[in-house]
Amino acid sequence: MLDLHGYGPSIFGGAILTIELAVLSLVIAFLLGLIGASAKLSKRRTPRYMATAYTTVIRGVPDLVLMFLIYYGGLNGLNAVTDWLYEISDGEIDMVIRFNEFAAGVVTIGFIYGAYMAETFRGAFLAVDHGQIEAGKAYGMTSKQIFKRIMFPQMMRHALPGLGNNWQVLLKTTALVSIIGLSDMVKLATDAAKSVGEPFLFFIPVALVYLVLTALSEWGFRILRVRYSAGVVGA
Amino acid sequence: METLIALIDQNEIFTFSALVHYWDGMVNTVQLVFLSLLAGLILAVPLAIMRTSKNPFINYPVWFYTYIFRGTPLLIQLYMIYYGVTLIDGIQDSVWWVIFEHAYYPCLIAFGLNTAAYTTEIFRGVIEATDQGEIEAAKAYGMGWAKRMRRIILPSAFRRAIPAYSNEVIFMLHGSAIASTVTILDLTGAARDIYAQHYTAFPPFMFAAALYLALTFTIILIFKQLENRLLAHLQPR
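Respectively, the protein sequence lines represent chains A and B.
Here the first sequence stands for residues 1 to 235, where the numbers follow my numbering.
Here the second sequence stands for residues 1 to 237, where the numbers follow my numbering.
You may find that some hints are simply not true.
Chain B is faced by these chain A residues, among others (derived, beta-carbon under 10 Å) [to be verified]:
| hint | residue |
| --- | --- |
| 1 | Leu66 |
| 2 | Val107 |
| 3 | Thr173 |
| 4 | Ile179 |
| 5 | Leu182 |
| 6 | Ala193 |
| 7 | Lys194 |
| 8 | Glu198 |
| 9 | Ala207 |
| 10 | Leu208 |
| 11 | Tyr210 |
| 12 | Leu213 |
Calculated from the structure, these hints are not laboratory results.
Think of the CB as a built atom: it goes at the ideal place given N, C-alpha and C, for glycine as much as any other residue.
Work the whole structure out from these sequences, hints included.
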């Protein structure tokens with residue numbers, strides 16, 4: 001493994017953190033996206049409006065600003081709660097809750113990309129042939145069974161290209177957590193570059209890791225596409 | 001007007017000087033994004049034409065460039081150009097220091113190169129999707145390669161690129177927020193300054209978010225108008 005003036009191992013350790021962050025954020029974004037898409041396609045007005053507000057606002061504001069808002073805002077909120085507990089208990093409850101930066105990063109990125117996923121899934125749900133759902137109903141399936149057996153597998157085929165794009169953007173967005181102080185590989189490389197004074201030596205390996213991750217994801221999504229296109233002629 | 005002044009006077013966070021600070025930041029953001037997009041656009045046209053070439057010696061270098069710039073985070077690209085240049089031995093004594101002393105130019109270079117890579121791929125897509133019949137017709141009229149490009153392929157390709165390009169413009173606006181990490185006072189930088197003064201996060205960042213949202217909607221509106229004008233012939237009738 002590259003030594004890089006002794007910083008090598010810790011920077012590649014940061015790469016693991018980047019991957020963990022990206023994968024966990026993807027899980028949250030995926031779930032929020034499914035909920036958001038269902039809400040957008042809902043017959044009732046309230047969930048539809050709420051989901052539209054969510055996707056419009058989140059997609060209209062830079063990731064970094066949202067990150068500051070959620071991260072620093074969360075920090076403020078937590079302090080307010082502990083201060084309040086201290087006040088009402090006359091100093092009995094004096095706790096310091098450590099704000100978990102990693103969790104904050106995951107929640108923030110997941111929340112942002114949930115909005116992009118919701119748009120992707122909404123289009124994909126609409127692309128599923130309505131006759132398929134009617135056929136499911138005719139077979140006496142419950143709506144849960146229809147979702148699991150008919151809607152979801154076919155929706156995924158239409159969603160995969162958009163999902164792949166979102167994932168690639170999400171992966172690169174994780175670099176922003178270095179700005180709010182999380183020790184991902186960008187932060188470690190920046191600190192090392194500043195103290196050693198050789199920026200390219202540290203930034204080029206980090207860039208290469210991102211390129212490798214991008215290439216691996218492309219390959220992974222190709223396999224997924226084959227899998228979800230099973231039974232489609234000409235795909 | 002007097003009630004407005006009274007409202008600003010009562011406010012602890014959004015004082016008059018804070019609002020001026022936001023305004024300065026917004027001007028910087030708009031300027032930075034506009035200049036980057038302009039530079040990116042100028043670079044992208046020849047690069048996209050090269051990218052569609054069948055000669056691998058012309059095609060591959062461009063492919064390599066777009067792959068690198070689209071496959072790595074913009075933040076890394078900015079850091080590489082910003083720290084990379086400022087930490088070079090002796091640069092601080094050279095004539096170049098006049099340019100690189102301020103973070104503005106490294107930032108402009110990084111953003112311009114980044115958006116050029118994305119724009120190149122957008123243009124490549126639309127150039128390759130040009131109706132084969134149009135090209136054959138141009139050939140039948142005896143047009144050479146350059147004339148065909150200039151009169152037939154590029155004008156129609158630029159029009160069809162508008163929807164995808166509007167997304168790129170919005171991505172650039174949002175991406176520009178990282179300029180605040182290299183000491184540039186943009187809209188995000190202004191919000192960070194106000195946050196550092198008061199240690200409350202919601203009001204300063206909410207205000208910045210609202211301004212970004214307004215800018216985003218403005219861009220969407222402008223491009224909708226452009227599409228209605230220039231893509232009218234492609235609308236479903």
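* To do: Could you work out which earlier hints the structure fails to respect and list their numbers in ascending sequence?
  => 2 and 5
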